[in-house]
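Student: Listed here are the chains, written in short residue letters.
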Amino acid sequence: MNAMPKPAVFPTLLALAVLTAAAAACAPESDSAASAGDAQPGQPASEMQAAPANAATAPELDDADIAAIVVAANTIDIRYGEIARERATNPQVEAFAETMIRDRTALNNGATELVTRLGVTPRENDVSRSLEQQAAQMRDTLQTKSGAEFDRAYIDNEVAYHRAVLQAIDETLIPNAKNAELKQMLVDVRPAIQAHLEHAQSIRRSLAAGA
Amino acid sequence: MKRRRGPTGRPVRLGAPGLPVFAATVVLVGGIAAGCRAGQARAPELHVVETERFVFRPDTLRVEVGDTVAWLNRDLVPHTATDGAGAWDSGIIGTAAEWRLVPAAPGVHRYGCALHPTMEAVLIVEE
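Heads up: the sequence lines are chains H and A, in that order.
If you read the first sequence in our numbering, its first letter stands for residue 1, the second for the next number, and so on.
If you read the second sequence in our numbering, its first letter stands for residue 1001, the second for the next number, and so on.
Quick caveat, the hints were computed from the structure, so don't treat them as lab data.
Check before you lean on any hint, since a few could be wrong.
Covered by chain A, according to a simulated footprint, are these stretches of chain H (three or more residues, beta-carbon under 8 Å) [stated by the list, open to error]:
1. 102–110
2. 179–191
3. 197–207
Residues from chain A shown here face chain H by an in silico Cβ test under 8 Å; the list is partial [to be verified]:
4. R1042
5. H1116
6. P1117
Even for Gly, the Cβ is constructed at its ideal location relative to N, Cα and C.
This is chain H alone, in the form it adopts within the complex (with noise of 0.2 Å):
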């Protein structure tokens, strides 16, 4: 049901494994960092608060890090998301695409009226600049399917994105979100991509029994 994904097929969750990696790198391993990808569906959002928040295991990433980081993360989805709308077949992918395109578009919206309003202008950075060139091959490789074949690489790939940005929120940027609203959007973020996820789950099920 929820078999791992093909690596090959996934080049974005390597940026996103060096963010994670990054973490780790600056601190001692902590038996506590909940992953993102065990959640279990319907997990309270409060839960993910008591991710870990000991800045000794944060990596140098400041709030214009952040914002950039958000920024290239919502943006990426939303250009699978278009690919998406022109090569998806089947209907639920399509009105899934949709709505990544929607939700992404108003997360990033509501992002970027945040950040300026508090003045934090995002930069960018060895995380947001690696995101956005492993998405790129990802948008190659989505480029050459069609039909079913790219209806399953797309969504195999939105499950196995979600889950790592989902793992970023929790042990990376929440952590290391200085001001107070900025981690608290980060906070507010995460039940839509945990939705997003148990979504893309259910569609990859509905695939995968051949409906």
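Please build the complex by placing chain A on the supplied structure of chain H, with the hints as guidance.
Tutor: For chain A alone, kept in the frame of chain H given last:
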């Protein structure tokens, strides 16, 4: 939960006096009943369902026919309130926007967000 609107006094005995008295009694009882109904009539109420953190709150709501139910979106992304049986559909409810429904008939409505299938709730409409 269901409100009683009829008279609650002792039962009226019908018998010996004959038809005219019976008719008068019916008129009298009817008048009392109408008066009681008017006295107990409840003004329509406004109920608010909030969508926040991708759940409907409350997830089960009981209302009466003629009440107003308002869905208020407190999330960062759009939602809908869509009856599973197709009786009604809010369409897109944007952030900080709301949509209102005045149920005209009793029934149990299992509904959700058409955009986010993980969001489900129940609206129970009583007479």
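Student: Quick check: the segment 179–191 of chain H, covered by chain A? Criterion 3+ residues, Cβ under 8 Å.
Tutor: This one holds; 3 residues, not fewer than the three required, reach chain A with a Cβ under 8 Å.
Student: When I compare C-beta atoms, does the segment 197–207 of chain H have three or more residues closer than 8 Å to chain A?
Tutor: holds (count 3)
Student: Does H1116/A meet its interface restraint, that is, does its C-beta lie within less than 8 Å of any C-beta in chain H?
Tutor: 5 Å, holds
Student: For the segment 102–110 of chain H, do three or more residues have a beta carbon lying closer than 8 Å to a beta carbon of chain A?
Tutor: holds (count 5)
Student: How about P1117/A: closest beta carbon in chain H under 8 Å, or not?
Tutor: 6 Å, holds
Student: Quick one, is the R1042/A hint okay against chain H at 8 Å, beta carbons?
Tutor: 36 Å, violated
Of the hints listed earlier, the one the structure fails to meet is number 4.
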